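K.L.:
If you read the sequences in order, they're chains P and H.
Residue numbers 1 to 240, in the UniProt record's numbering, belong to the letters of the first sequence in order.
Residue numbers 1 to 325, in the UniProt record's numbering, belong to the letters of the second sequence in order.
If you are wondering where the hints come from, they were derived from the structure by calculation, not from laboratory data.
Since we're looking at a predicted model, the values are computed, not measured.
Glycine residues also receive a C-beta, built at the ideal position from the N, C-alpha and C atoms.
Errors might be hidden in some of the hints.
Unchecked claim - Straight line, CA to CA, 25 Å or less: simulated DSS-like cross-link-like pairs of lysine-lysine:
| hint | chain 1 | residue 1 | chain 2 | residue 2 |
| --- | --- | --- | --- | --- |
| 1 | P | K31 | H | K36 |
| 2 | H | K86 | H | K140 |
| 3 | H | K36 | H | K292 |
| 4 | H | K23 | P | K31 |
Claimed, not checked - Anything over 10 Å on all C-beta distances counts as not near chain H; from chain P, calculated:
| hint | residue |
| --- | --- |
| 5 | E18 |
| 6 | G64 |
| 7 | L200 |
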Amino acid sequence: MEYVNPEGLRLDGRRFNEMRQIVAEVGVVSKADGSAVFEMGNTKVIAAVYGPREIQNKSQQKNGHALVLCEYSMAHFSTGDRRRQKNDRRSTELSLVIRQTMEACILTELLPHSQIDIFLQVLQADGGTRSACINAATLALADAGIPMRDLAVSCSAGYLNSTPLLDLNYVEDSAGGADVTVGILPKLDKVTLLQMDAKLPMETFETVFALASEGCKAIAERVREVLQENTKQLEYRRAA
Amino acid sequence: MYFCLNCVVIMVACSVGEQHFLKGGIAQELRTDGRKRLTYRHTYVETGVIPQANGSARVRIGGTDVIASVKAEIGRPSSLQPDKGKVAVFIDCSPTAEPTFGGRGGEELSSELALALQKCLLGGKSGAGAGINLSSLLIKEGRVCWDLYIDGLVISSDGNLLDALSAAIKAALTNTALPKVQVSAEVADDEQPEIDISDEEYQQFGTSSVPIIVTLTKVGEHYIVDATEEEESQMSSAVSISVNRAGHICGLTKRGGSGLDQSVILDMISVAKHVSETLMNKLDSKISKIHKQLVDSIVYGSLFKVEIKHNKLHEKIVISFGSRD
Chain P
1 MEYVNPEGLR
11 LDGRRFNEMR
21 QIVAEVGVVS
31 KADGSAVFEM
41 GNTKVIAAVY
51 GPREIQNKSQ
61 QKNGHALVLC
71 EYSMAHFSTG
81 DRRRQKNDRR
91 STELSLVIRQ
101 TMEACILTEL
111 LPHSQIDIFL
121 QVLQADGGTR
131 SACINAATLA
141 LADAGIPMRD
151 LAVSCSAGYL
161 NSTPLLDLNY
171 VEDSAGGADV
181 TVGILPKLDK
191 VTLLQMDAKL
201 PMETFETVFA
211 LASEGCKAIA
221 ERVREVLQEN
231 TKQLEYRRAA
Chain H
1 MYFCLNCVVI
11 MVACSVGEQH
21 FLKGGIAQEL
31 RTDGRKRLTY
41 RHTYVETGVI
51 PQANGSARVR
61 IGGTDVIASV
71 KAEIGRPSSL
81 QPDKGKVAVF
91 IDCSPTAEPT
101 FGGRGGEELS
111 SELALALQKC
121 LLGGKSGAGA
131 GINLSSLLIK
141 EGRVCWDLYI
151 DGLVISSDGN
161 LLDALSAAIK
171 AALTNTALPK
181 VQVSAEVADD
191 EQPEIDISDE
201 EYQQFGTSSV
211 PIIVTLTKVG
221 EHYIVDATEE
231 EESQMSSAVS
241 ISVNRAGHIC
251 GLTKRGGSGL
261 DQSVILDMIS
271 VAKHVSETLM
281 NKLDSKISKI
291 HKQLVDSIVY
301 GSLFKVEIKH
311 NKLHEKIVIS
321 FGSRD
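Extracted from the complex, chain H is given alone in its bound form (with noise of 0.2 Å):
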């Protein structure tokens, strides 16, 4: 994993007095918003926010707001690893998060940001030390096989993106479900074999080996988690960690000039460990929460289709039933 910093820098102006303020604050344990260096901002998260995919999440951290989905299509094995499925990240940098993102200018920053979690998800070339199990993709050896598209979109840019989007990855994996297909019996080689795709079944998709991201950032001389967009503007360097359920480190980069001591990065990386342990029990228990309210309500499961909405601006909770088709 390789990261380039000038395209990721977003131009914030600080004038000396404020890079002061920053850098002091930091040194003191208390940000510009009150947090202390290890203290995530408020998280929000939604999941199956868009009905026509498999899968999706929205995850806002603080002013950060970023939708993932996933969908999923059938495809066929490649010829190197016919026992696998596959999956492609793409990442999408809305030029609604920053203007410098309109036309072709959010272009370097989305595929920096699509290789490092497509890096980070499914592990080196072999396929070893992959989050997702791609063998669990397979429908039938060499011929038949789901293909899962993973798409992310930055919808508003404060800071600490890949946090976010990594945070939202896991839990659009958690909320999809893949429908059960039916092969049909043996076909010559060289033809495609009939598939029956349930309307009825689905199963989920197992994500307890999905890893998430950490970023800490190097202000001065102490590290940051959650760095917003000011903050990052003054950092000397930023080390971003892969970790997952098992306190595994599942891939790792720094980004910045500036070089870092060997035991700092050691230490980075242990406290990674123990932060990313709080986030992900956070977000599975916000996600597991997020499911018992639907299971609950969902009466006649299964002849409607309950769609649950919580509207925001009038503190009320919208739940339409249409006709299952």
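Excised from the complex, chain P in its bound form (with noise of 0.2 Å):
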């Protein structure tokens, strides 16, 4: 099947280095300490950070830092076929890989014998949906006040019709070609996540990195934007 015609465009008109469309926004779950959602092209997730606050099993408690915690779940609504077991592995993996990522940004030793809960919501799914969870954690992490090192933000990018393509959707993660998802910490320029399935020669798979480090660039340019218009509106709200 062609993922990329003669003239260079991919099945929803894309070029090879352009992004989905990005739409996103805090505090939108109004009890939480902080939320965000996160829309990357269809792929939508919610996420909401309830903490710091007191450690529930105290078993679990870490020295001098704080403990994070992350729970992934999709909606039964969220992919084409209504499929969705709460706790497969696939989630499993999931949370605990967005766990691993945005406990290097945060600062969990000026928070020690704390908690700090990251619940992710995927409310549809076309690809990229582990990007799309580290991006909005990333958003809800920074409205609830809780300080970090960086703003961790994520991005995917493939390799079909010996193309290197950015930010793949369903159709095009479902190909069988490779799936290169990147998570980095942009001012510090530090890589925290890298996955990859299938297979590539070295050379393909350095520019296919690339290309999605780029990407990351653009989404992180995206974030700060977002928060920055968002403490504008606070600003407004507290006036004179």
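Build the complex from these two chains, which are given one at a time in their own frames, with help from the hints.
P.N.:
In structure tokens, the structure reads:
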């Protein structure tokens, strides 16, 4: 099947280095300490952060550091078919991966004896849910006022029809080509998440990785804009 | 319909002073957020939020935010009721609403809500008094029918979940369009007939008899409509009444430990009927306003698929055209 036509256009009309449309909003769940909704094309994720609060389970306590817990769940209607078990292996793996990414960027040593809960709810899944979750979690943590080293952002890229493609959607992801997900801390220029499935020759991998990192930098700009706009709104409401 | 109080109560810490303030305010027709006893919070309805579902809606009542989606799949009618389609209701309480819903914590509440909504929509075991006409889901008697899966998701919870979910399900059903199905000519009894699902023609789902739920919460000596989480934590008992457009009671449940006088329950039912009329009118007018906006703006409806999104943060409407596939 042709995923990139001879003119260089993909199935949804994008070029190889174009991302899907991003819509991000902060403060959607009023009860949570911080929350955000992040959309990448048709993938839509809500993140809610509860914390820092008292540790619920003393046995999990970490010495001198805050405990970061993460749970990823998909709504029954998020995918094309309805089948979605709540605690399946993919959800467990994703919860672990996202927790590790966020833990690396939160300044946990500033909040000992406390617990930070990050809950991710996928409303619509169309490829790149992992990345959308990390981006939403970053926004929600910033909204909750939790100190972080940097804004963790993530993007995916793949390789189909001999072309590296940025930000795969579900159809492109299930095509059988490689799918590289990268999470970076843009200001510090460090990689916090790197996952790939299928196989790629080394040079191709480097090109795809570089493309995903560029995508991450663009998302970081957008995330920063959204947070600054939110701060401005808060300032207006505080008034003179 | 039965309800167990234990799983529905969500812990809200209220000092003695706060409890007196709540109860006193309700007694004087002035609740903590300024509402009267029988006033609903600001309700916001949005339909078509899940593009891949046959119908969907999102309802926000104050701080409570729920999404309902309706998915239709081709199935086989059960042998006990070969002239009816099937409907199943599932509710999921997302941990984003409440940290205790994480892991398996929200399961009890989810199943209680799902059961209550299923009984309210589908009536008794024989199908008597159902809000949804199951016979309209039939395609070929005994062989092919529609299976409707109604999924509800609670994103944010600030009390009054049942009302919000029933309103969202009604709005989602109004938004549902089932494609027209052509069944091939007669085939042998044990073979599945060939079905042709149309891409062009749709039929809207009739929801005039779908009921909504109104919950009346008794706090102290008076009862209130649309309780917030704080108010629910102070309730002595609550009655959830399911009413349809014709004013018929489709279901009733009482929860809470304290007993209620007979006259009080009858009074609550008449109050619920009165309140449900206003709520249903509000819901119906909001849904028809959305439909009218969509119809007015679809210029080349048959050639392009138009998606309209109102971006609340930047106060603009984003209209995107896509090719029809």
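K.L.:
Each hint should be assessed against the structure and marked as holding or not.
P.N.:
Right, here's what the structure says about each hint:
{"no.": "1", "hint": "P:K31 with H:K36", "verdict": "holds, 23 Å"}
{"no.": "2", "hint": "H:K86 with H:K140", "verdict": "holds, 13 Å"}
{"no.": "3", "hint": "H:K36 with H:K292", "verdict": "violated, 32 Å"}
{"no.": "4", "hint": "H:K23 with P:K31", "verdict": "holds, 23 Å"}
{"no.": "5", "hint": "E18", "verdict": "holds, 15 Å"}
{"no.": "6", "hint": "G64", "verdict": "holds, 23 Å"}
{"no.": "7", "hint": "L200", "verdict": "holds, 31 Å"}
The structure shown violates just one earlier hint, number 3.
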